[in-house]
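*Asks:* One letter stands for each residue in the lines below.
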Amino acid sequence: MKLGFLVDLNLCMGCKGCEIACKVENEVPLSSWRLRVKYIDIGTFPDTSRNFTPLRCNHCESAPCERICPVSALHYLDNGIVNVDSSRCIGCAGCMMACPYGAIYMDPESNTADKCTYCAHRIEGGMMPACVVACPVEANIFGDIEDETSHISRYIMEHQGNVQVRKPEKHTDPKHFYVGGGNQTLNPLAHERIEGYGLFNNITHLDTIGDPHHSILDRFIAPIFGGHNDHLKNESFLDMPNDADHGSHKEGGHE
Amino acid sequence: MDHGTVIEATKAVVTLDVALPGIIWGWMITLNMWAKSIGTGVVLVGAFLLYRHKKEAMPNLRWLMPVISFIALNVFLLFTLLDLHQPLRMVNIFFHPHWTSAITVGAWMASLFTGLITLMMVIGLLDAFPDLGRHLGIAKTLRAKSSLYEKVFPFVVFLAFPVTMYTAIIMAEASARELWAAPAELIQMLLAAFMVGSASLILIADKWSAEAKKDLAWILALSVAASFIMYMGEYFFSFKAAEVEATLAYVHSGGSYNLQFWAAMVLGYIIPFFIAIGSLKVENRTMMKFAAVTTLIGLYLAKSTWLEIPQMIPLS
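Chains as they are written, first to last, in numbering that gives the first Met the number 0: chain P, 0 to 254; chain Y, 0 to 315.
Please keep in mind that the hints were generated in silico from the structure rather than gathered at the bench. Being a predicted model, the structure only gives us computed values, none of them experimental. Each residue gets a CB set at the ideal place from its N, CA and C atoms; glycine is no exception. Warning: the hint list may mix true and false statements.
Said to hold, decoys possible - Just so you have them, the derived chain Y footprint on chain P, three or more residues with Cβ under 8 Å:
| hint | region |
| --- | --- |
| 1 | 31 to 39 |
| 2 | 84 to 96 |
| 3 | 191 to 199 |
Said to hold, decoys possible - Derived SDA-like pairs: lysine to any residue, alpha-carbon spacing no greater than 25 Å straight-line:
| hint | chain 1 | residue 1 | chain 2 | residue 2 |
| --- | --- | --- | --- | --- |
| 4 | P | LYS169 | Y | ALA248 |
| 5 | Y | LYS213 | Y | ASN59 |
| 6 | P | LYS22 | Y | LEU19 |
Next up, chain Y with everything else stripped away, as it sits in the complex (with noise of 0.2 Å):
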């Protein structure tokens, strides 16, 4: 025990016990809900800008938002298999499944989502580039059926929505964690999904219409602002669970946390916030893209800060 520090007449103190866990879901689920965020996000700005302006304003979106969601996805899906213990078992989940279980309900959906994805892509990738492929009977089938894309794309958006919110309710059902309230947690993951879904389209956006940016422009700010009013309403103002209050009050007294979750609201939030908004009277490429890539960062961190901290006082 350390002699020298002093403790307070009426606390109680552990002088004995077991070494605890610390980080359980620590980096790679990180990186499972930030993928999974870009992945479905990206179907739906794109499906809000193709419902808003002609096809024609934004010449690549048709080919390049599956295959952007298809790299996220399946980054997404390999850390999912990575982070199991036993990740040969996984196919325990469409053998024995639980459906109490949000883990079991998300991964049907995501396995569903992404097999629709793939089945877009290729035919969006078919469709852009009238070589590829020539040969193949398989590509000359899927040509011939490409108004499959536009029939499948509106399930696909439906999809997104759950696939994008069921991890709030995995951390829902992790009832020791009360950081994670359900609400505030789906809506946190669905503004997420706008964010990092305009973020990557601006990315890809240099020859679209300048309505259609005007229009990412806005998305992005709206959403890192929604965003942005919830977690500082969450940080300084969950004073109701003495589980959430002792988790915040450790990251409020400092440490790599609080500096974390800062760098995470200034690089995810305020300065995209302000260049998009800047990027609406006048439009700057370059700026927007910064915004998009620090937009990009501060989700994972913002992201990585809120699945670690309640994993840091002690259950029993």
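Pulled out of the complex, with its shape left as it was, chain P reads as follows (with noise of 0.2 Å):
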């Protein structure tokens, strides 16, 4: 067996459902991502169109991340999903450098790099990935490539020609294909990047790798006594203080 992956990018139409379904499964952080959808505007107006890319770890069969961990954190499962063992990452770096698809990212939380397993938790209990099941339009295929009657091989094999990968002058082997792409929205040095293509901010790249308040210091005793980011815990949320009911205003604003 053999887990793929394929996305049409004539059906998507990027309302980032399986953004959201994957932050959501996975507990991704702040700031971090293991599934984006990418919007890019080709041509002038009045002839403009809008593209959208949802971009994810290509499970490469032949994956730098996996060669140049030096722990095995990254290693690959017998379904082919380049699966990630946060528990023994130290935090090198070196996937982030390795993979070309900056698939990769280091959690803010437990600084440990980490990335799509396909929901490979999922996949074991014999459920579809997350961004599968939250896409409306059925642009997100997954399956078997080695099972020539599963679905992605069909789609595969009706739309010979048109089936791409990212890169593949990397010899990476992709297991992610994308049918309906272009130049221009599989290559990233393909379109300009303009300061401001954020939805709520201007930031285009992040200042720190990731914890930023993770002090040299830090590195060494958080391990041990236990780390002083503990608030930025999704679990910690419901600890906070809560003064809703308490407070002289009620819902609706008015007492």
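Given two chains presented individually in distinct reference frames, assemble the corresponding complex, making use of the accompanying hints.
*Replies:* Written out as structure tokens, the structure reads:
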């Protein structure tokens, strides 16, 4: 079995439902993304088009991240998924330097490398990845590419000549395919990034890799005596003081 | 979006995306490479000098060479550790090694190399300073086995080559960064070791014979010249890979990296070359020490530039 992914860019409408589903399913922290949908505008008014490209780990058969990882934190599963064991990761960021697709991030909570695992935990339980389930137009197609009768295999065969992978010249043998893509949508050097492409801010580059409040000293002390950034974890929001029921203003603004 | 920007009609434009990572490997990795070049370079240059000249021509080399190497290697190891986001898990490299990774192989070799250099340093210091630890049992034992220094030295020299070059393999395995091509980086790492190895030894060579000092000047001149030619070739004529071309176009267009690159070339390569060549005819210790210091500064700047510029282009 070799699990693969295919995104039909002709169907994708950029709703970002997959992004959100991934964030929720995998508890991906702020400023980090396992899956993102990039908007690219092509042409000049009035002949313009907006293209949506979901980007995630390509689960390469010859994965540079797996090769460079000094402790096998990145490893292959039998079904072809490139998985991450964050408990083993030393945080050297070698995988971030090696991945030609920029698909790996340093988790700011755990300070370990992380990425899309095709929701390996869901696959193990016989379920589809969260992004596949969430997609309203079934643009995400997932399955066994070694099984000729699988949906993904048939889809690839039906769209022969229009199936692409990103950066084939890197010889990573990605197991993530696109239908309906082009150079301008799949090649990051073929489109321009102009400052201010973020939705709610002008941040184009992250200032820090991993936890921004994690000093060099913390890196040694935190694993033994506990992290100072526990307040950042999702569970901690449940323990936050909540005065909603005690305030003078009830919902709706009326007493 | 900046509405004042003129966009080419045929150019695609990103209109919505997430923030991308900035510099992932920064100054700590630069310092790591720079210090490792010194740590291995003094051994390689020292071995060459010992092959060419008698020990008496370089009286302090036997103990100062491993001392410099030990200090530099510990700076290298310290910043390697500090750059990890989970430094205490460094032990995983030894308990769960993954041998396809140059990081793993390099960590094992560098640890062995540092261990052997430590042994050489201790023996060298005990022999050079007879009063040092005179009453300590371990000092007496090591003094009695002082010939271990000469027995270990060939292995250390042999190991210095892969230890100095393995970072080039790590950079080659970082296949997302096309600027770092394996053969070029391997040679640049080796040349860097000879550059800063000779530069470091120039600073301690006051009482050495004229011939030994001339050899140091030759090594410095040849290594900076060869490395400079390689940098020029890579900087101006790397046309074949799209990402390399995009990276270098970014630097060519100006900005801080452009200034840093040329400052590195002038300080680390051009100034030392002419001073070293001039010193072959008429020796000037002050100028040679000046050249040694500019070499050390220049190499740091060059390493920093070359490490960071390929991290500036978006990968996805």
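*Asks:* Now tell me if each hint is right for this structure.
*Replies:* Verification of the hints:
Under a criterion of three residues with beta carbons nearer than 8 Å to beta carbons of chain Y, the stated coverage of the region 31 to 39 of chain P is upheld, 5 such residues being counted. Chain Y is given as covering the region 84 to 96 of chain P, and this holds because 9 residues of the stretch bring a CB closer than 8 Å to a CB of that chain, at least three being needed. Chain Y is given as covering the region 191 to 199 of chain P, and this holds because 8 residues of the stretch bring a CB closer than 8 Å to a CB of that chain, at least three being needed. Straight-line distance between C-alpha atoms of LYS169 of chain P and ALA248 of chain Y comes to about 21 Å, which keeps the hinted pair within the 25 Å bound.
Simply put, LYS213 of chain Y and ASN59 of chain Y have alpha-carbon atoms about 17 Å apart, close enough for the 25 Å limit, and the pair holds. Pair hint LYS22 of chain P plus LEU19 of chain Y holds up; C-alpha atoms about 17 Å apart against a cutoff of 25 Å.
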